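Chains as they are written, first to last, in our numbering: chain A, 1 to 324; chain B, 1001 to 1247; chain C, 2001 to 2298; chain D, 3001 to 3432.
Read the hints as simulated data drawn from the structure, not as lab findings.
Sample of chain D residues with no beta-carbon within 10 Å of chain C, all distances over it, derived:
#1 3028
#2 3337
#3 3339
#4 3341
#5 3409
Below, a sample of chain A positions facing chain D; criterion: calculated Cβ distance under 8 Å:
#6 39
#7 138
#8 143
#9 148
#10 242
#11 280
#12 281
#13 284
The list that follows gives simulated cross-link-like pairs (lysine to aspartate or glutamate, EDC-like), each with its CA atoms no further than 16 Å apart:
#14 3141/D <-> 3345/D
#15 3072/D <-> 285/A
#16 3208/D <-> 2268/C
#17 3169/D <-> 3227/D
#18 188/A <-> 1120/B
#19 3208/D <-> 244/A
#20 1223/B <-> 1021/B
Computed from a prediction, not measured in an experiment: that's the story for all the values here.
Using N, Cα and C, we set each Cβ at its ideal position, and we do this for glycine too.
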Amino acid sequence: MAYSGPSVCGAFDMVVWQLLALAVAAMALPVAVPWLGFVFTVAIGKGLAALGVAMLLRGGLISIGHALYVAIGAYATAFLMLSIGMNELFLLLICATAITMAAGLVIGAFMARYRAIFFAMLNLAISMVFFTLLSKLYHLTGGSDGMRVATPTVLGLTLDRAEFDLVLQFSAVALMVAVALLIDRYLKSPLGEALTAIHANEVRLEYLGVSARGVILAAYTISAALAGLGGAITAVAIGHVVPELSYWTFSGQLVLIAVLGGITGVPGAFIGAFFFELVRTFAADFAPDAWNAIVGAALLIVIFFLPQGLYGLLQRVKTRKARL
Amino acid sequence: MNPLLSVRDLHISFGGVKAADGVDLDIYPHELIAVIGPNGSGKTTFLNLCTGYIRATRGSVIFEGRSITNEVPRTITRRGIARAFQIPQLFTGHSLIENVMLSVAAQHGIWQAFRPLSREAYRNKAREVLDLMSLGDIAHGPTVNLPEGLRKLADIAIALALKPRLLLLDEPTSGVSTAEKFALMDTIVGVLRAEKVTALFVEHDMDVVERYADRVLVWDAGKVIAGGPPQEILRSSHVLERVIGIG
Amino acid sequence: MFTNYVPVIVDGLVDAALIFFVAVGLTLVFSVARVLNVAHGSFYALGAYLSVVIGMWLTGHGWVVASLAALLLSPILIAVALGPLIERTLLRWTYGRPEALQILVTFGLFLVLEDMQKLIFGVQPYSQDTAVQLFGISHISGIVYLNYQLLLIVLAILVAIGLRLMLKRTRIGKLIAAVVADQEMAQTIGIDVRRIFVLAFTLGVFLAALGGALASPMIGVAPGLGAEAIVLAFAVAAIGGLGQIEGAALAAVLVGLARASAIYWAPELQPVVPYLVMVAVLLVRPYGLFGSIGLRRI
Amino acid sequence: MKCFKSIITALLLAAISAPATAQTSKPAEVDLGIFTFTSGPGAAYGVPGRNAADVVISQINASGGIGGVPVKPIYVDEGQGTNAVVAEFRKLASDSNNQVMIAALSSANCLALAPVAEQLQLPTFMWNCDTHQLFLKDKYKYVYRTNSSTVPEFVADALYLLAVKPNVKTVAIINPDYAFGRDAGLIFKQTLKALKPDVEVVAELYPKLGSPSFNTEISRLVAAKPDVIFSNFWGADLENFVRQAAPRELFTSSQVILALGESVLQSAGTLLPDGVIIGVIGDGWWKSSTAQANPQTKAFIEDYRKRFNEYPVFPSFKMANTLYTVKAVYDKALATNKGRWPTRDELVAAAKGIKVDTLTGTLALREDNDGLVDQIVGVTQKSSSYPFPIMGKMVRYPADLVTPPVGTDPIAWISKLTPTMVANAPKPGSYK
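If we strip away everything but chain A, and leave its shape as in the complex, we get:
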């Protein structure tokens, strides 16, 4: 899988169109099938986190502990509501993201020293420490039962749940587009390209006078923020947070989504997330005992036959059309 990919992957506007297409799908389909609205909202939450993971993958860094930041974002939301009674949706999302970002900055400062497997394993270790704390500090976090997240107000309005779900769904879609475009710009900026360069040749980058650690820390902090935002959305969407959000298999799921969708372009993470959530929903109906096997096999197939993921497939179809 080409982590760097063609680094001017598609013109800017192409990404815009792809994202808008996704957005339309995420808003239109639920009109036909109402419960899809919730599935998509959650999918966007995962997609944001997966985008964070995908960014790091472009730098050749695999984190099998990124669920940590999803959990921080989610629990931050729960605590903000519980302890200081913050109750405004957008305020919650912003604060939870900021808190997660701060956590990412601190932990990242330590992570940036490590590469390859050690990076992966340390992320794993820290997420598992956090998972254990969430489950153990019963009187603070409700242990493995998790914490309730009430329905927040939107711009001061108290909505009933159905209305709120709809607002949340649309806000999530809007956030998806906005954030994805920002990240797209970042990845094409010197800082973003330097990240891809690290994967290809870190020594050379240092010989350009660039601090690889700095570049990685920046990327790590951003990816943490993304995961945090995803976690916050998940928390308000589901209305409940549990330690499993930070368990290592969920981190694995995020990497899986990132690769499934393809890391050569920002829409990939979201394509992957939608695809994954749909597969999971149907698998839960038709093959409840085998859905892990199904997604696992899907992952292997993608890795072997679509090294650029579903997004890469999309690109390829495009280029083929172009050739004809």
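For chain A, the structure is supplied; the task is to place chains B, C and D on it using the hints.
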């Protein structure tokens, strides 16, 4: 005139092997210096020490009057010393011009997260360097499967794009066919002269050394055992037998 | 405050023994193939399942003592059946590819194997403790221990020594060591590296399955066993230094004792202890206790 | 702002064009979303639950279904994790034939689902969710518990302990590490403190739910040498604990209380000596005189035994009783509607204050939506007629004796209990 780079009593050894055993040398502005010596005599190690890839156990490296002893490559690069490698070090994920643009961006603020790398200003700067190195026509191609000669040039182009005051080249002609060799060196040296870059290059080919170097330094067992203009160095029987192995 | 240290040490060593089998397999495979196998824990689980099933069948037919053989037989079966197969199909493909990819491929394998277990063995827990009953019990400082537990400690030590001797003395061991030291060099002097990889991976699978099989008489075998085992093995392997067999052994003892002490003096800390140890060690020694990494030639 | 809200409502109407809730005509089938574990450690109870559901539903359908409409279960695996479970719940809620949910074995899941059910206005019966926190802070209209809560369940154990072992001094606790285990630890300690103030707790262990091995914990417990060891381990944990502790003589060195012990009698009971205190956290003991007196129950036990060749364990009864309660609710609603098919709101109305004769006794749903169920506790006893031990020296504690009255804080209620309670409570052996 005081030296651009002056090295004093530099030491390091790997498991008993003395790769640098009290190296002393001065490089003056606008010189083009060739370093010769048998394999394992510590030539590449010397470049690694100067650029901070490995740390010296003893000794000092002074650049433009300020010590850069045991600084990290990043800092030393920022001070104005660029390096090209024996094994070309390229960003294989990027096209050639992007490689160079990264190098350009590295000088004016890599810390821009929202303006694109491939902006006009950077593109032009990169373009210039590539044209100088006569790599213009493959600028937008990938760097992965270029022939060795072009990879070498690309590697050097990235270094030059940093606008260094001192350039260290590690065997620029290794792995390049004899036919290409001189063409390659003509290009490189042409650029160095044009850009007024002081340079030191490690070289095995005595023809290349004789033809391009202003001064030759002879390495052996981690020491500089002789130094002077090519004509006289390459005639000294002592050097010939130690380095080129002719009795 | 509880001040009897003997049981803490005994429990710690028993724990260490069980951790060691999984961790050492993981680290061995890594040392040869440079692949971190996320699915390694699944082999542990499979080893446990198979030995329980075989054991139950044997005891069901009245061959009680014979059921001990299941503890050794099932790891061999699994290693022979899965080792070469997986190495030749999935793993070989990942060699020399980015770690991210290797981890993903093995993660995919992990997901598949986890559900395979569910489909084959169901989700109800299995137990088969004939071995425990056969070996009886002994009293250590007023606490009843299963002789089987003590036997595990001995077995772990034997396996550790055995591996050491195999790698140092035997021909095949020397070949493996050569590949570990420098793959290209090994290739150039005519060692069939591919064969060594198959061997090493199969051995790794065997060790993991053996760990599961030996643990099975003392545990309930149920889904989720693999997921737990692998993260612990990661931590231990990382603490010891990836690819370092002595490291794995030492790390296992460290973690085992730490976990036991936690249960005696700070029960709430027990689950987090291995990771705290890991973070602490990697802070001081970024490549683990016995680990190191060479500069890239430029 | 007003217009903002109206826009939302407009969009809302667009989004949910076919409102699922307004179903009143008689459906072709009654869909029942049933949430239980079919994977993971919880499956050890989830699967007996599902098995019981299969048996009961085929019995209900054999006798004409609900109001003449056949019942179709839709099982959801709680093992997928809370997020997925909530998603599935919302999805099922949009099925107009699905007017009632039977949700959540694990307390984590019911705590998460309860507010969702309330928001979706979907009648939901918590079939095996014991945590007393369910109705502690929040009041629900649509959420009922067809089951007792942790408080009566573990107060009963304390009562029984003091009846058979009046001079207990030291106690150790080992429970799974989540609400169910933590609550049980707290309730059991508080009850002992109230009923026998001089009892000392010498060790408290909360290992992770689903840990494969408790050997170190067992050493720790033996080392502490307590008179009594209390545990509300369940499912796979309980079986592992029994198998690992028995050979190490834990059950003979201390008086052990296995609050959910009945569920392992058939699988690992032979490892237990006589006299281990075991409970069924409720009244779901298949051999109880009440159960055996009821022909319907005997039929259930027989079918169950035929299909899964084991006797039903208490989780099976929690599910079975819940299903019969749901049927009773439907019947009541249909009666009040004079046969017109009830809406979801009419169903919750019917559930309010209903009292149902279950397979193993009675179940009353109080005005606070909580269930009232008797508590059976006993000890292991070798049996001549079965290859595994059964419950002996049983007590059936009446629900209102051990359950805090409506509107009282459970823990406060416990601390007000007095030692005389033991004397006044029914004696071990008083129930057959």
